[in-house]
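Residue numbers (the working numbering): 1 to 112.
Some hints could be false.
[As the list claims (entries may be wrong)] Simulated pairs of lysine to any residue, SDA-like, Cα-Cα distance not exceeding 25 Å:
1) Lys-43 - Tyr-62
2) Lys-43 - Leu-82
3) Lys-105 - Gly-63
4) Lys-41 - Leu-81
5) Lys-105 - Ser-20
6) Lys-105 - Ile-33
7) Lys-43 - Ile-6
8) Lys-43 - Ser-3
9) Lys-105 - Ile-13
10) Lys-43 - Pro-102
11) Lys-41 - Glu-25
12) Lys-43 - Leu-110
13) Lys-41 - Ser-87
14) Lys-41 - Ile-6
15) Lys-41 - Phe-10
16) Lys-41 - Ile-83
17) Lys-43 - Met-85
18) Lys-41 - Ala-7
19) Lys-105 - Ala-28
20) Lys-43 - Gln-66
21) Lys-43 - Trp-78
22) Lys-105 - Ala-17
23) Lys-41 - Ser-3
24) Lys-41 - Phe-98
25) Lys-41 - Gly-86
26) Lys-105 - Gln-69
27) Lys-43 - Ser-87
28) Lys-105 - Ile-83
29) Lys-43 - Val-2
30) Lys-105 - Ile-40
31) Lys-41 - Tyr-97
32) Lys-43 - Ile-13
33) Lys-105 - Ile-6
34) Lys-41 - Leu-82
35) Lys-41 - Met-85
In short, the hints are calculated from the structure, not lab data.
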Amino acid sequence: MVSRIIAYSFMIILLAAHFSRGNNEMLAVITLIVPFLLFIKQKWVINSLEIIAYLAALVWLYGASQYIQTRIANGDDWVRLLIIMGSVALYSAWSGYFLRSPRIKEVYGLDK
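Could you put together the complete structure from these sequences and hints?
Written as structure tokens, this is what we have:
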């Protein structure tokens, strides 16, 4: 269970860094607060965190499309950017999916 929460928290840190790089510090700070919801042991917490992880994957894919368009317009290489940001998007979705482990379901009351 702890490893899944660490993986989720790392995903949140990456997302906050993405927002901070885009000069959106308020959203970065709000994003960094999200993992603290794990201290609330209720069903809606895990459901919300899972949705946030899937939305984070969409944010990465949207950002990738924007950056790739810019690189193509400038005639720069864009394949490495696609691989990196696609991997981060996949990792974000993966971290949300793996919040559904049996132990987490037990602790947060999702098995009822």
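Status of each hint after checking the structure:
1. Simply put, Lys-43 and Tyr-62 have alpha-carbon atoms about 29 Å apart, too far for the 25 Å limit, and the pair is violated.
2. With a CA separation close to 35 Å, the supplied pair Lys-43 and Leu-82 exceeds the 25 Å bound.
3. A threshold of 25 Å between alpha carbons decides the hint, and for Lys-105 with Gly-63 the separation of about 32 Å lies outside it, so the pair is violated.
4. Restraint check: the Cα-Cα separation between Lys-41 and Leu-81 comes to about 38 Å, which exceeds 25 Å; the hinted pair is violated.
5. About 32 Å separates the Cα atoms of Lys-105 and Ser-20, which puts this hinted pair outside 25 Å; it is violated.
6. Between the alpha carbons of Lys-105 and Ile-33 the distance comes to roughly 22 Å, so the proposed pair stays at or under 25 Å and holds.
7. For the hint pairing Lys-43 with Ile-6, the CA-to-CA distance comes to about 19 Å; that is within 25 Å, so the pair holds.
8. Between Lys-43 and Ser-3, the direct Cα distance comes to roughly 20 Å. Compliance with the 25 Å bound is thereby established for this hinted pair.
9. For a cut-off of 25 Å, the pair hint linking Lys-105 to Ile-13 stands: about 24 Å separates their Cα positions.
10. Restraint check: the Cα-Cα separation between Lys-43 and Pro-102 comes to about 13 Å, which is no more than 25 Å; the hinted pair holds.
11. Note on Lys-41 and Glu-25: the hinted pairing is violated, with a Cα-Cα distance of about 28 Å set against a maximum of 25 Å.
12. Under the criterion of a C-alpha separation no larger than 25 Å, the hint pairing Lys-43 with Leu-110 is consistent with the structure, at around 6 Å.
13. For the hint linking Lys-41 to Ser-87, the alpha-carbon distance of about 30 Å lies beyond 25 Å, and the restraint is violated.
14. Our distance criterion of 25 Å between C-alpha atoms is met by Lys-41 and Ile-6, whose separation comes to about 17 Å.
15. Proximity of Lys-41 to Phe-10 is assessed by CA-CA distance (about 20 Å); at most 25 Å being required, the pair is judged to hold.
16. For the proposed pair Lys-41 and Ile-83, the alpha carbon gap of about 36 Å is over 25 Å, so the pair is violated.
17. Under the criterion of a C-alpha separation no larger than 25 Å, the hint pairing Lys-43 with Met-85 is inconsistent with the structure, at around 31 Å.
18. Distance check on the hinted pair: Lys-41 and Ala-7 sit about 19 Å apart at the alpha-carbon level, within 25 Å; holds.
19. Taken as a hint, the Lys-105 and Ala-28 pair is broken in the structure, with Cα atoms around 28 Å apart against an allowance of 25 Å.
20. Of the pairs offered as hints, the one joining Lys-43 and Gln-66 is violated, with about 35 Å between alpha carbons and a cut-off of 25 Å exceeded.
21. Proposed proximity of Lys-43 and Trp-78 is contradicted: the alpha carbons are some 41 Å apart, above 25 Å.
22. Restraint check: the Cα-Cα separation between Lys-105 and Ala-17 comes to about 29 Å, which exceeds 25 Å; the hinted pair is violated.
23. For the proposed pair Lys-41 and Ser-3, the alpha carbon gap of about 17 Å is at most 25 Å, so the pair holds.
24. For the hint pairing Lys-41 with Phe-98, the CA-to-CA distance comes to about 17 Å; that is within 25 Å, so the pair holds.
25. Between the alpha carbons of Lys-41 and Gly-86 the distance comes to roughly 32 Å, so the proposed pair goes past 25 Å and is violated.
26. Among the hinted pairs, Lys-105 with Gln-69 is inconsistent with the structure: their alpha-carbon atoms are about 41 Å apart, more than 25 Å.
27. Between Lys-43 and Ser-87 the CA atoms are separated by roughly 29 Å; this puts the pair beyond 25 Å, and the hint is violated.
28. For a cut-off of 25 Å, the pair hint linking Lys-105 to Ile-83 is broken: about 32 Å separates their Cα positions.
29. The suggested pairing of Lys-43 with Val-2 holds, with an alpha-carbon distance near 18 Å, which does not exceed 25 Å.
30. As the CA atoms of Lys-105 and Ile-40 are separated by approximately 13 Å, the hinted pair is consistent with the 25 Å bound.
31. At most 25 Å may separate the alpha-carbon atoms for a hinted pair to count; Lys-41 and Tyr-97 meet this at roughly 18 Å.
32. At most 25 Å may separate the alpha-carbon atoms for a hinted pair to count; Lys-43 and Ile-13 meet this at roughly 23 Å.
33. Taking the CA atoms of Lys-105 and Ile-6, the gap is about 16 Å. The hint holds against a cut of 25 Å.
34. This hinted pair does not check out: Lys-41 and Leu-82 have alpha carbons roughly 37 Å apart, beyond 25 Å.
35. Restraint check: the Cα-Cα separation between Lys-41 and Met-85 comes to about 32 Å, which exceeds 25 Å; the hinted pair is violated.
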